[in-house]
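Participant: Following the hints, complete the assembly by docking chain B onto the known chain A.
Number of protein chains: 2
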Amino acid sequence: MFNSIKRLLIGRPLKNEAIHGEKFKVLWGLPILASDPISSVGYAGEEILLVLVPAIGALSFLYMAYISIAIIGLLFILTFSYSQTIAAYPSGGGAYIVAGDNLGHTAGVTAGTALVIDYILTVSVSIASGVAQLTSAFSALAPYHVLICLLILAILMIGNLRGLKDSSRIFSIPTYAFIVGSLAMIVIGIINFKLGKVVPHVGIPHVDAVRNLKETGAVSIFLILKAFSSGCTALTGVEAVSNAIPNFQTPASKNARKTLLLLSLFVFLIFGGITVLGFLYKVAPDSTGSTTVLNNIALIVFGRGIMFYFYTASSILILVLAANTAYSDFPLLMSIMGKDGYVPRQFSMRGDRLSFSNGIIILSLIAGLLIIIFRGEVTLLLPLYAIGAFASFTLSQFGMFMRWRKIKGKYWKMKAVINGFGALTTGIVVLIIGLEKFKRGAWIVIVVIPILVAMFMRVKKHYNALAKQLSIKPEDVANFNKEDNYYRNRVIVPLQSINKSSVRALRFAKTISENVIAFNVSTNEEDAEKVNEKYKILQTEIPLIVKYSPFRKVLTPLLKFIESAEYDYQKGDMITVILPQFAVKNWWQNMLHNNTSYFIRKELLKHKHIVVAIMPLQLKDDNFVLKSSKYK
Amino acid sequence: MFNSIKRLLIGRPLKNEAIHGEKFKVLWGLPILASDPISSVGYAGEEILLVLVPAIGALSFLYMAYISIAIIGLLFILTFSYSQTIAAYPSGGGAYIVAGDNLGHTAGVTAGTALVIDYILTVSVSIASGVAQLTSAFSALAPYHVLICLLILAILMIGNLRGLKDSSRIFSIPTYAFIVGSLAMIVIGIINFKLGKVVPHVGIPHVDAVRNLKETGAVSIFLILKAFSSGCTALTGVEAVSNAIPNFQTPASKNARKTLLLLSLFVFLIFGGITVLGFLYKVAPDSTGSTTVLNNIALIVFGRGIMFYFYTASSILILVLAANTAYSDFPLLMSIMGKDGYVPRQFSMRGDRLSFSNGIIILSLIAGLLIIIFRGEVTLLLPLYAIGAFASFTLSQFGMFMRWRKIKGKYWKMKAVINGFGALTTGIVVLIIGLEKFKRGAWIVIVVIPILVAMFMRVKKHYNALAKQLSIKPEDVANFNKEDNYYRNRVIVPLQSINKSSVRALRFAKTISENVIAFNVSTNEEDAEKVNEKYKILQTEIPLIVKYSPFRKVLTPLLKFIESAEYDYQKGDMITVILPQFAVKNWWQNMLHNNTSYFIRKELLKHKHIVVAIMPLQLKDDNFVLKSSKYK
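Protein chains in written order, with this note's numbering: chain A, 1 to 632; chain B, 1001 to 1632.
Just so you know, these hints were derived from the structure itself, not from any lab. Glycine included, every Cβ here is placed at the ideal spot set by N, Cα and C. Incorrect hints may appear among the rest.
As the list claims (entries may be wrong) - Just the calculated beta-carbon pair ranges, DEER-fashion:
#: 1; chain 1: B; residue 1: Lys1608; chain 2: A; residue 2: Arg12; range: 27 to 35 Å
#: 2; chain 1: A; residue 1: Tyr548; chain 2: B; residue 2: Met1457; range: 33 to 41 Å
#: 3; chain 1: B; residue 1: Leu1626; chain 2: A; residue 2: Lys571; range: 22 to 30 Å
#: 4; chain 1: B; residue 1: Leu1369; chain 2: A; residue 2: Pro13; range: 38 to 46 Å
#: 5; chain 1: B; residue 1: Asn1623; chain 2: A; residue 2: Lys553; range: 30 to 38 Å
For reference, chain A alone in the conformation it holds in the complex (with noise of 0.2 Å):
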């Protein structure tokens, strides 16, 4: 039933084989990394402006022009930087690897608990903001909100258990409508503006309107922190290329480059170019957070044509592929620190397809909660944003900062002088978050990072003593060899009464040891007689000891009974109980049989030297035992 199901939702298991997908050029790496920092101008915008509008009104755009300029610069002072990690790492330098590498485990934990974080987040941003897009365009789906992320987040967990690889080319498709269609509203709409053919927009909220209620107030520098702190998530996943570079054709990392240098121009054309465009047009975000700017900068530019609803739904597929984004991410993320011990193994097992299920799961898992928690709003979502990409950006290139200094190597100090700069500026960006975010939701994130990272180095800490307890010494290969060195092994058959099932047991015991004995607990007297009686029948050597338990407990006797000196228990002694256990036709029938026999196997896994072996009795079907006369 439950294998029936999840056969049809994620298809049948591939082999290992199946594993080794075709590795992109630019042309097709581009629009599957760059899915996530481009489509975060479908937010990152707009959140400059709910800051700046309510206090400087018209002003904001100018505003939002410098902000955005510096959010740029520092693009461009990533993308600098990140071009050296990619030239280091040609295997995948990811913060997590950079860090742990340069700057030593901790470090590199941190930075990886910061990624783990700002992925949950990228899920959780984006498909709210794809669908705030949808429902700005349409309406009528606006009180269906939640519900239609919780789909699209159900449907990412599903088509990534499935394993996407194959059909990764089609996802490029939204990517370049998005650029296409970003590009051609970008230069339509100043064309337009230049013409003096701006269409009256009934009904969008304009800026003047609020400046008509509010009167220019004081531009300080809080506020223009404020609304950059809210910008920069527009920069998160330009770290995506540095974790991606073994997927790229060779040479790899010079393809990596160049895929890197092309994202960050489309950043910067269609970040700045919106920003353009919202100034020229001063459309307010909408107080009410029905429409988004984006959304309503699109209907200024098209009208309610066919252009616009193209535009729309390029910009939803985009936003759902920056979702997607981070389903590899995560996953791959979380199979590295698996192996490296820091979280349960189990993240770096592949699933039936391939794909690391547990890490699909459990993203899908935390970000769909969020989105509960959140009600789905962007808005209440971005401020624990971002603050764990520019903390890993940061202990990246400050991880990359150290390690020219301490290889050198050509141009080193330049090299340094680069990524040391690019640590300070992310650095100072992660502390203007951290300030300006803080009560609106980032401490959770500055509180949750701490906590974690301990306990992923209680993991590593389990897992070590782990390997020291089971690693095999010299003198242990010597002992498994010794002849006289074996177990001397007793076996315990508990029996309840003498049946085939326990005779079965006792039969199976006499052929790994020449110490048996049978072990019945008794409540009464009349039973312990009825037990001794029957047990003569079966005229065997074995002894038969029998124990009352005035409390009726059946375990606590046997222990004490191993324990006594009756028993006489050496050292070096392996005692191995075997516990009878019936195998049913059908599932209620097992109520009706004694479950004792796994309390008592648990109790006695407790201790050492025990050895519990099961010995199934495949029952058969009633109707066939009352009808055969082999059983008569």
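Facilitator: Showing chain B alone in chain A's frame:
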């Protein structure tokens, strides 16, 4: 944690020897056994009036008197009939035993099932009625009706799990208090009326008020039967004496019959007397359900003084006590049926405190569920009640009738007539109740009884089939003792890597068999190579089989291998699979280990001739391991 809460609520475990409590004479036997029938005056009279008053107004009390006489007549028939059962079954003659003995298993199980249902309803109805008396006297408690019911249920459950026997004499007090209080109320009430000292009863529903609204309607036979069937609930619990014979002091039979006669006398006096009072004062049932007739009569007779509160308290306590009798009857019946194999045998095992804990818990759960479903309303619960009791009366008395016909003996014809008449009248009552209350809920019981009977018979069939499969034949004994008929014992040690745990398993394997193989499943060539390399270190002659599993499944290759020609499985081989298992110190560490071992075990146990031996490795505390030089 769970254990300490359990100890606190239930108390320390008791020894078997603690079971022999004192036996009771008539004086102490009566109140315990009488609480159920006597307490039903709390609702039986009211239910009759609820049927009559809306139809025939003030005429109701006259007809109620007729109906009460009929019910009391029925009581005397039952008393005679049952006193013969007591004489014939001195070791306890419940309906299940008497019907099973004389009418065959199916009749016995049917009678048992009917009683099982009746006991459950005794609990629900008595508690609901007791709480109705309480909220009638203290209307502020009315909104918490269901909650109070469940609270009392919980107290009864815990009390009975602890075992209440020691304090059974305390339980006599409310019964005697209620008997004395009722008789006093009847006497005072009648004298007051004769003396014309009738207190004007403000706010108490009066039949004349109803009469004003509705002129005397037609008195149909239908109406009378309906009212009669509602009143029959007064007689449930009469069978309790016949179950309890072994608890009486010798001469048990004689004492039991005395008790039964006294019981009938008190029911006659109290039920009859309160009917007379109702007739004199014309108290109508409260259509809003917020006060009870019994409570209102007490209010008129005693006024709102100490006597009123004393009587109300005793009427509540006796109802709780009635519920409590079901707590000794139900688990006992289930334990007898469990011993016979009709219900899971777990019901016949005594818990820590020597009570049949499983029966007590199941009874509480179902009764609680009924209270919740029927919102704790007596009127909604009552249609389900009494039908089970009367069905078991009928079967039991008919069983006695058949018994006399078969064994004959002194005066057998007279005895047969008495029991036959008992069977006939109770049988007619079953029909009346079934028809009159069918739509109001009796259909549930009529549907459930045959379903339960079928289930119980199926359970018995399973136990029969099991017994047949498990029974030992002479050839089994002969085979068991033949020297050459041992199992050929072969051992497989599945290993993921070569570590202390797997070496320990191999070492143990060597002690139990000459025929050992190590088995590894690899998901890629590298791993296979690594395991092979490391295995060589052990310098052992045990062969290592490495199988490649393209689908990353562990179990399938193992099962395939066992069935393969390579392994050469022979008939009579017993294969022991040794599964090493880690026993960790903390619960969270369990999550860090691959739990495939559990699934492997479950699957392996489905196969014949495979014994699964679990070999636990007790892991040491992480800190200890990492600090201790022993593990360096």
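Participant: Decide, hint by hint, whether the structure agrees.
Facilitator: Comparing the hints with the structure gives:
1. B:Lys1608 / A:Arg12: 27 to 35 Å: holds, 29 Å
2. A:Tyr548 / B:Met1457: 33 to 41 Å: Holds, at about 36 Å.
3. B:Leu1626 / A:Lys571: 22 to 30 Å: holds, 27 Å
4. B:Leu1369 / A:Pro13: 38 to 46 Å: holds, 43 Å
5. B:Asn1623 / A:Lys553: 30 to 38 Å: Given range 30 to 38 Å: holds, Cβ gap about 34 Å.
In the structure shown, no violation is registered for any of the earlier numbered hints.
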